[in-house]
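Student: Listed in order, the protein sequences are those of chains A and B. First residue of the first sequence? That's 1 in the working numbering, and the numbers climb one at a time after it. First residue of the second sequence? That's 1001 in the working numbering, and the numbers climb one at a time after it.
Be aware that one or more of the hints could be misleading.
Said to hold, decoys possible - Computed list of lysine-lysine pairs in DSS-like fashion (alpha-carbon distance at most 27 Å, straight line):
{"id": "1", "chain 1": "B", "residue 1": "Lys1564", "chain 2": "A", "residue 2": "Lys86"}
{"id": "2", "chain 1": "A", "residue 1": "Lys40", "chain 2": "B", "residue 2": "Lys1608"}
{"id": "3", "chain 1": "B", "residue 1": "Lys1490", "chain 2": "B", "residue 2": "Lys1425"}
{"id": "4", "chain 1": "A", "residue 1": "Lys44", "chain 2": "B", "residue 2": "Lys1425"}
{"id": "5", "chain 1": "B", "residue 1": "Lys1095", "chain 2": "B", "residue 2": "Lys1064"}
{"id": "6", "chain 1": "B", "residue 1": "Lys1322", "chain 2": "A", "residue 2": "Lys235"}
{"id": "7", "chain 1": "B", "residue 1": "Lys1322", "chain 2": "B", "residue 2": "Lys1425"}
{"id": "8", "chain 1": "B", "residue 1": "Lys1288", "chain 2": "B", "residue 2": "Lys1608"}
{"id": "9", "chain 1": "B", "residue 1": "Lys1064", "chain 2": "B", "residue 2": "Lys1050"}
{"id": "10", "chain 1": "A", "residue 1": "Lys44", "chain 2": "A", "residue 2": "Lys86"}
{"id": "11", "chain 1": "B", "residue 1": "Lys1335", "chain 2": "B", "residue 2": "Lys1288"}
{"id": "12", "chain 1": "A", "residue 1": "Lys175", "chain 2": "A", "residue 2": "Lys86"}
As the list claims (entries may be wrong) - Which residues of chain A face chain B? A few of them, derived with a C-beta cut under 7 Å, are:
{"id": "13", "residue": "Pro65"}
{"id": "14", "residue": "Leu67"}
{"id": "15", "residue": "Leu81"}
{"id": "16", "residue": "Val84"}
{"id": "17", "residue": "Ala236"}
{"id": "18", "residue": "Tyr350"}
Calculated from the structure, these hints are not laboratory results. Given the structure is predicted, the values throughout are model-derived calculations rather than measurements. For each residue, glycine too, the CB sits at the ideal point set by N, CA and C.
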Amino acid sequence: MGNILAIVLSRLGDLVQCYPAFSDLSRLSGESGVTVLVQKDLEKVARMHPCVKDTIPFDGDLLMPLLRQETNWSTDPLNYLGDVFKQIEALHPELVINLTHTGFSGRLCGLIPRTEVRGRTFYQNVGSAFCGEWTRYFFTLLTSRSCNAFNLVDIHRMIAGGLPGWPDRPVYDDKAHQFALGCLHNLHGQNVIALGIGAQHPLRRWPLERWLYTARLLRERCDAGLIIVGSASEKAQGDQIQADLDDHCLNICGQTDPMQLAAVLDQCDLFIGHDSGPLHLAAAMNTRALGIYLAMASAWETGPYLDGSVTLEPNLSCHPCSEKGNCADPICQKKIQPEVVADAAIRLLYGEHPGDYQDCVVRTSAWDEDGYIMLSGEHKPSDDFRLAWRKLLPLMLSMENPFWDEVTLSAHNTTVLPVMQNSISELKDAIVQLMQQSIFDYEQAKSAGEEGKGSLFDLELPGMIARFPEYRPLFDLYRLDKLPGEDAHFRATLRNEIIAQDKLMRRISIIQEFCGDREKLYFPIGSRFKLQDTAPLAPLI
Amino acid sequence: MSVNHLESNLKLLAGTNQKLAEQIRQAYRPEYPEIRTAKDGSPIPVLNRKCLHSTYAPDAEAAKWVQSLNLDPNADALYVIGGIGFGYHLEALSKAIPPDRLVVIEKDPALVAAALASRPTGVFPEGLRFVVGNKPVTAYQNVAEFGLASRSRVIFLEHTASSQAHSDFYPTIKGMFRQREISERGGYKILLVSPVYGGSLPITYSVQRALTNLGHRCELLDNSIFYPGYQHLQKLSSNRSHTAQLHNAMQAMIAESVTARALEIRADLVLAMAQAPLTPDVLLELKKAEIPTAFWFVEDARTLEYWKGIAPLYDHFFAIQKDDFFEDLKQIGCKNPHYLPTAADVSVHQPLELSAQELSEFGSDLSHVGAGYYNRRHFFTGLLDYNLKIWGSDWEKAGALNSVLQRDGARIPTEDISRIFNATKINLNLHSSQYHEGVNPFGDFLNPRTFEIAGCGAFQLVDERKYLPENFDIGNEIITFTSLPDLREKADYYLSNEAERLLISAAARQRVVSEHTYEHRLQELLGVIAAARPEWEPRSGGLPTAEEIIRQAGEDSELGLVMKRFAGLGPLTLEDVARDIEQGNGELLRTEAMILLLNEFRRWGLEKGVM
């Protein structure tokens, strides 16, 4: 395999969540290694990963002010982009993995000549395309969140399509190591716990007074020495905790670069914090994390990627809330009590399982039999569908992935099957009826030379989604199937629709089969259920 | 003061502008203004107890002023000086800049006369041009007539003492030149917000055209698309409180769309027309985002009082009424209201060649276009013995007037209104009133119809209004009436004197074209805003044109080649160019691809709110 370029133009946490994908890709590329296009200020974070051979820095902070003054868009910004692109061309990547998912990164992928792209891309000036079934799945998450049971890290791994294996641990230099030792030197306490009190969105932050109380409990109950980590904007709050705990606390907010932060987290026995960059970095360093996941943060999506790490979520029907994050009454911030966090933390320190807590859902990250992260612990009723889809989706997406050629039903799935058994036939009948009308429309339009027109099927889709909300991923995949695929052959809208409808029906058939055999299912790879864009127009009904 | 100077100076002036010389002579008042003697013996005018020049050494002060301007005598520019004073600064300036490149604007003709009378010939050198007038927009227009376009730059030089004496005049003119300069660099990005329905809706469209004609980038947020929804809500419930709640919710939603759009396009100004559904919350949000807001209240403040809740929240408030209304506005915290009457859209309201069929359909001796207000129902009943046609809506239960009501009281489209004005011998323009049975004796503002009929070159009889004389020359450009008998007498006269009618209507049209178009109004509006905001620059900076980009990149470069197809289109944004490329077919050039890439990054920045 030649050079691989991974595009990760995101923040610290997102970049760290791509580490395992880098490991998989490195196994695929062999000697060539992985180069990462990364935000300039996070170059060090990318380079900490042992499989990253090189980085290409992208300075968005330089480009943005230039664009803000639209006056000179034709000179400096265009020249700067041209220079970055030249570096990419010089790499001659054989494979480009886009893990950023923005229009910008997609457009960038579309410009790189003679290369295979996985992730979002653009075909010339025609439009956005989603390469690979897992990329398509990623884009369904905007609407299908409640059905998702895959960690974002694993989704990135599947989009990248490398050779799966254990993730590599990031490495830091001796200077960073010395810095970390210096931090610990004057810290009193038997157990070193890092507290990450910051989060990008204010609604995701646990109130300061709860942090203060938790810190006191930890000092009293387990002789904890606390290190508060984060950005300069969290320093003032960190100072308040430090003032309260004196020599049992050290506030280093805003004083570390990413490598120093990694070294400090590596020295800690436990990390407690929100869904944030430091939490994911702690997990990457094999430091167990106790996550407090509020508002939009969901353990299913971004729980700590480390076996034995734990997340605490408020037991509320509204959690996780929508990505808009404009809740007027964030009651989730009041649900998790300092006593609960302290108790869970102490149990983790001593290698015990956290207890059952009132108003709190406790979930533990654990590797499944395939080496992907799964959540164990107490499940909400709505989680049954997530678990069913966790089994179903791989069958519906990447049939060629050897990881998924054999699926064993778990105990969880058997609880959900009756629900699906009751509704799947109803769904199938409704879809068949609509499809027949849709094919009729297509034939009519074709003979009238109006193939580009939309059909009845799409008009009826919102009603279908409302009627069968638990099958939302199916509809979202259908929506994405209609978009241009990897082959860049663009078809008239109606033809695309018919092909997407065909896929939809095949997926329904898979669910039916799944419901019909509770013991074991085996799908021959690349034969009966292989999804092909060149599938015949007549659906498998 | 020596009158001999006046005569010799006027003689010089008459050589180039006889009419102005005569106007100045007429304005001369020997006792005006108060004149003091500076320590060096020079005469100094005093206005409102303030000296317009140094009381020590006005010549030295003027020389220092010119030096401070650091002017380039070789620059191809026209220098416009705001304020004549007694000309010390002009004398000093003409030593640095050839007088034929100088234009001095003065609001007060009597002060010009006093200056010419007090200063010897030579102070005002041959070639120096004068613009005298009391309206900023007229003064600005007159400068334009001096070949403003032929010079590459216009430099406005402020005579500070004059600006202070007439703070509503010179700063506005300065602002108007500023908006002109900005328009040449791509203009301001203005988000124009329309009402959902109502009389100010067609005005909004005219404002949009005017802003575009002036070289600004105007985006219309046309809320009339919500009108069917508004009507639907209206019918949902007979409970008024419920209906009001529904309408409020709808208003809040539309208002929020204004913020969304203003932030999206990074507007330099949000201009809301009367009845535009903005809410206090949204106005505060826009203030927080540092986007200036302006409101043009083109309605009668005594009839519609919603201005009380919103006027102080706008940065700039423009209205068609002043005097007592301005006092009321100031009391509620609206600091600097500005008088701005409506106008005519000469692309719509213009003389038309009508077919015989159109003349028959739209023509009559007398006609009125407008809604069936109380006073009109009473008043027009007294004209039923004429060949009268009434056009417009809200004439239900009009009694005897039903016989002359056209199209069963349907709303008349704008283009048909112009046809009616053109086809009618005498257009009746009676301003509406809910309380009077005819002419409102306290009426002040002018309705848009006054300007629109005049813009069509049509003849109108209009009821007397307080602000009419400052906008039209009554008797020569427009004829007024005070009562029904007065109207009948004048209607009879002008129906039988067609030549006179045509003369007056032609003069009215001329006045509209030179002073009362929406372009004039928007020039003034932007001038006022620019005057109040010395730092007001387009957020997008000065946009490059294709020609500039080609020059910079080189004609044979790929960027140069790409930009060739944009030549002649004026200033271009990245979005303009990217959109065009996106719509094209075939293989992308590398530069085209880079432009698309850059634009994706910009879009991402906008989406994340970091632009």
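Student: Hints first: check each against the structure and report whether it holds.
Tutor: Against the structure, the hints come out as follows:
no., hint, result
1, Lys1564(B) / Lys86(A), "25 Å, holds"
2, Lys40(A) / Lys1608(B), "19 Å, holds"
3, Lys1490(B) / Lys1425(B), "13 Å, holds"
4, Lys44(A) / Lys1425(B), "83 Å, violated"
5, Lys1095(B) / Lys1064(B), "13 Å, holds"
6, Lys1322(B) / Lys235(A), "55 Å, violated"
7, Lys1322(B) / Lys1425(B), "33 Å, violated"
8, Lys1288(B) / Lys1608(B), "17 Å, holds"
9, Lys1064(B) / Lys1050(B), "20 Å, holds"
10, Lys44(A) / Lys86(A), "22 Å, holds"
11, Lys1335(B) / Lys1288(B), "19 Å, holds"
12, Lys175(A) / Lys86(A), "33 Å, violated"
13, Pro65, "10 Å, violated"
14, Leu67, "5 Å, holds"
15, Leu81, "5 Å, holds"
16, Val84, "9 Å, violated"
17, Ala236, "24 Å, violated"
18, Tyr350, "43 Å, violated"
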